[in-house]
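*Asks:* Now for the letters of each chain:
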Amino acid sequence: MIIGVLLALVLLLTACGGVAGDSWAGISSDENLIYVSYGRRVVAINPASGATKWEYPDEDDRDANFYAIPVMDAGTLYIGDYKGNLHAVDLETGKKKWLYEPDKEELLGPISLTPGDRVISGVAVDSNKVFFGLGSRNVVAVSRENAEEVWTFKTDHGVWGTPLYIPANAENGHDHAVLYVVSLDHNLYAIDPETGKEIWRVDLGGAAPGNMVYDEARNWVYVGTFVSELLAIDLGSHRIVDRYATEDWVWGSPALEDDILYFGDLAGHLYAVRITGEGFEQEWKQTVAEDAIRGTPLLTEDLVVVGSRDKRVYAVLKSDGSDKWNRATKGEVLTEMVFVPANEADEEVSDLVVVGTSEREELVIALKSDSGDVDWRYSDKD
Amino acid sequence: MLDIIINPFITILLFLYQVLGGNVVLAIVVFTILVRLAVFPLTLKQQRSTKAMQELQPELKKIQEKYKNDRERATQAQWELYRQYGVNPMAGCLPLLIQFPILIGLYRAIVATLAATPLQLLDLSGRLWMPDLSGVVPLNNKFLWLNLAVPDPLYVLPVLVVVTTWLQQKLLMPSTPTNSGDKSTDQATAMTRQMTTIMPLMFGVFALSFASGLSIYFIASNLIGIGQYAMMGKIDVKRLIGRQTEDAPAETVKKEAVKSTAQAERPARTGKAGRSVPSRPMRKSKREGIYDSRAHRAKAKGKAKG
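Protein chains in written order, with the numbering used here: chain A, 3 to 384; chain B, 267 to 572.
Source of the hints: derived by calculation from the structure; they are not laboratory data.
Since we're looking at a predicted model, the values are computed, not measured.
Ideal Cβ placement from N, Cα and C applies to all residues, glycine included.
Take the hints with a grain of salt, since some may be wrong.
As the list claims (entries may be wrong) - From the structure, some residues in chain A lie toward chain B, with a derived Cβ separation under 8 Å:
1) D24
2) S25
3) S138
4) L186
5) G207
6) G208
7) P211
8) F228
9) S230
10) D250
11) W251
12) L268
13) E292
14) A294
As the list claims (entries may be wrong) - Dumping the calculated PhoX-like pairs for lysine-lysine here, alpha-carbon to alpha-carbon at most 20 Å:
15) K156(A) with K408(B)
16) K326(A) with K287(A)
17) K317(B) with K332(B)
18) K85(A) with K408(B)
19) K106(A) with K408(B)
20) K55(A) with K99(A)
21) K326(A) with K370(A)
22) K317(B) with K327(B)
23) K98(A) with K85(A)
Just need the whole structure built from these sequences, with the hints factored in.
*Replies:* So, in structure tokens, the structure goes:
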């Protein structure tokens, strides 16, 4: 009996304690604004000052949580929520264009045959559809016109990485457009975006929770897995062509520049790996952080910048991975990062690295890329 | 600090999942059985201690009444009573304290391995003692109509959690008198009854809001608990179906309490320090279905001497 009471209390404490929320903020940008999703809202922020331009949804309609990466296309922001819905928001005004809500087979009152789901991934778009993964399993395609479901592709586990849409391109063997999806069920799927049918799949050997990076020159994608590997998959031959063993799980997608992949692992290591004709070749490897590097590294002219769960942002030299600067933050840094170039007319202003933290009073922080000094902070506290 | 418990639990759960053909429910059930077996000696010790303390309640109340204006003497008399019957009032707490982190570890291991949210999955990293198990992370969360990482949409599991929790409590809780005539005893009885109602409902609410994999654990744990005590012959099915009148044992307890208070004033009857033979109040009516081995041994010893 007493055990029961204590366990109940612990459950309550566990539910209430720890890092707030179920995930970290989703951050992305276009040439005008930075978009941040966290908790009950999505905000558009001025990249120069950190001032809020708009918030979505309106205060009375905030009944779902947002943690996915906002994706912008043709004047519309697309984002999924933790009720399994997809929102299309006007980029200019921050007002709802449409809302996709999955069908629920309801039996009686709140009793339903369909378990609730979450949208953790970002979206991919083609000319008339939006594609996104669901937290527990499956990929859904929704019409951009009327928010109606076009098809559902079944996977055996969640799809947390943003799908990759590659339009038809005869030069690299894509006779028709293909949608690529990695899943926690260990597979990379090639799907026909029109019909939702599987074209082929590759077993990655482990869960792949992050995004893929497309290398157009080789027609390869790179993706990290939970069996501590970075894989290169040839989309033409549908097979893994190279693999690089890491010290720990790889969640974030690599950043690709000049045939070098920069990526971190969940033990705090940062890697620079060259893609060669003979396979991956390590340029350098550094133990940068004391805890997980979850996000994709951000590349500036001469630096590689990463955030860590140890509540720090680190900048190392691209050339050898040696320290340039690091900055303590109030919360864990697990989000993706955004680069805001300086205004060329104003010599006083430097390039900014914008990153999110798990602490609401410092939900977004802009650091000067050359020194790591704080330029502005955005607080999520009402 | 809990990582010392959580990390091996996660590793064991993932290992079971791997060797049991990727069946997450089976892994949770086997895991629960293993944990319950591991803590069984502690559970048994705690049960015995709780029972012994319960049986001393009438005596303790008498002492409290007798020395209601002298707390120091009341405490002295209580400790004398504990010494006389070889009961340590703290003995029930130690096994409980040891079991407590184990239960939290179990709960956290199940939630972490089902990894419903990115933070939960991130929390799994660095916890595996066998790196080879990385290949099975995260667990396949599909079972029948359920997504084990989210609550059951049909509410079947929350109902089963409530029913099995209630059943376990009803079958395992020692019977309490409905109307003892003593105000404090009646209050304690009322509280016990309230707990028997509130606890299953509370767990039901948890089952409504947490991953259904956790509900599987609650149900398995309750059923295994019932099975465990059934095998020990400590379950009274009559009480469950309401065939036993609860006034009779109350009467017994009251009468015996009067007798034993007088005995408590006398020195202990056995000369074996710290392990004295309980006198009559330690015995329970057979109808209560609880077998007191110490009383039984004492009786046998008495017969042998006589």
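*Asks:* Could you run down the list of hints and mark each one as holding or not?
*Replies:* Now the hints, each set against the structure:
1. For the restraint placing D24(A) at the interface with chain B, the shortest Cβ-Cβ distance is roughly 4 Å, inside the 8 Å limit, so the hint holds.
2. Hint status for S25(A): holds, given a least beta-carbon distance of 4 Å to chain B, under 8 Å.
3. For S138(A), the interface hint holds, the least distance from its beta-carbon to any beta-carbon of chain B being 5 Å, beneath 8 Å.
4. With 8 Å as the threshold, the beta carbon of L186(A) comes within range of chain B, its nearest partner Cβ sitting at about 6 Å, so the hint holds.
5. Annotation: interface hint on G207(A) holds; nearest CB of chain B at approximately 7 Å, less than 8 Å.
6. Taken as an interface hint, G208(A) checks out: its beta carbon lies about 5 Å from the nearest beta carbon of chain B, inside 8 Å.
7. Interface restraint check for P211(A): the shortest CB-CB distance to chain B comes to about 6 Å, inside 8 Å, so the restraint holds.
8. The interface hint given for F228(A) is met, as the beta carbon of that residue sits about 5 Å from the closest beta carbon of chain B, less than 8 Å.
9. Because the beta carbon of S230(A) sits about 7 Å from the nearest beta carbon in chain B, less than 8 Å, this interface hint is met.
10. Annotation: interface hint on D250(A) holds; nearest CB of chain B at approximately 7 Å, less than 8 Å.
11. The closest approach between the C-beta of W251(A) and any C-beta of chain B is roughly 5 Å, which is under the 8 Å cut-off, so the hint is satisfied.
12. Hint on L268(A) holds. Least Cβ distance to chain B is approximately 4 Å, under the 8 Å limit.
13. For E292(A), the interface hint is violated, the least distance from its beta-carbon to any beta-carbon of chain B being 12 Å, above 8 Å.
14. The interface hint given for A294(A) is met, as the beta carbon of that residue sits about 6 Å from the closest beta carbon of chain B, less than 8 Å.
15. The hinted pair formed by K156(A) and K408(B) meets the criterion: a straight-line CA distance of about 13 Å does not exceed 20 Å.
16. At most 20 Å may separate the alpha-carbon atoms for a hinted pair to count; K326(A) and K287(A) meet this at roughly 15 Å.
17. Our distance criterion of 20 Å between C-alpha atoms is broken by K317(B) and K332(B), whose separation comes to about 24 Å.
18. Using a Cα cut-off of 20 Å, the hinted pair K85(A) and K408(B) holds, with the two alpha carbons roughly 18 Å apart.
19. For the proposed pair K106(A) and K408(B), the alpha carbon gap of about 18 Å is at most 20 Å, so the pair holds.
20. Restraint check for K55(A) and K99(A): the C-alpha separation of about 18 Å stays at or below 20 Å, so the hint holds.
21. Straight-line distance between C-alpha atoms of K326(A) and K370(A) comes to about 12 Å, which keeps the hinted pair within the 20 Å bound.
22. The suggested pairing of K317(B) with K327(B) holds, with an alpha-carbon distance near 16 Å, which does not exceed 20 Å.
23. Proposed proximity of K98(A) and K85(A) is supported: the alpha carbons are some 17 Å apart, at most 20 Å.
Checked against the numbered hints above, the structure violates hints 13 and 17; every other hint is satisfied.
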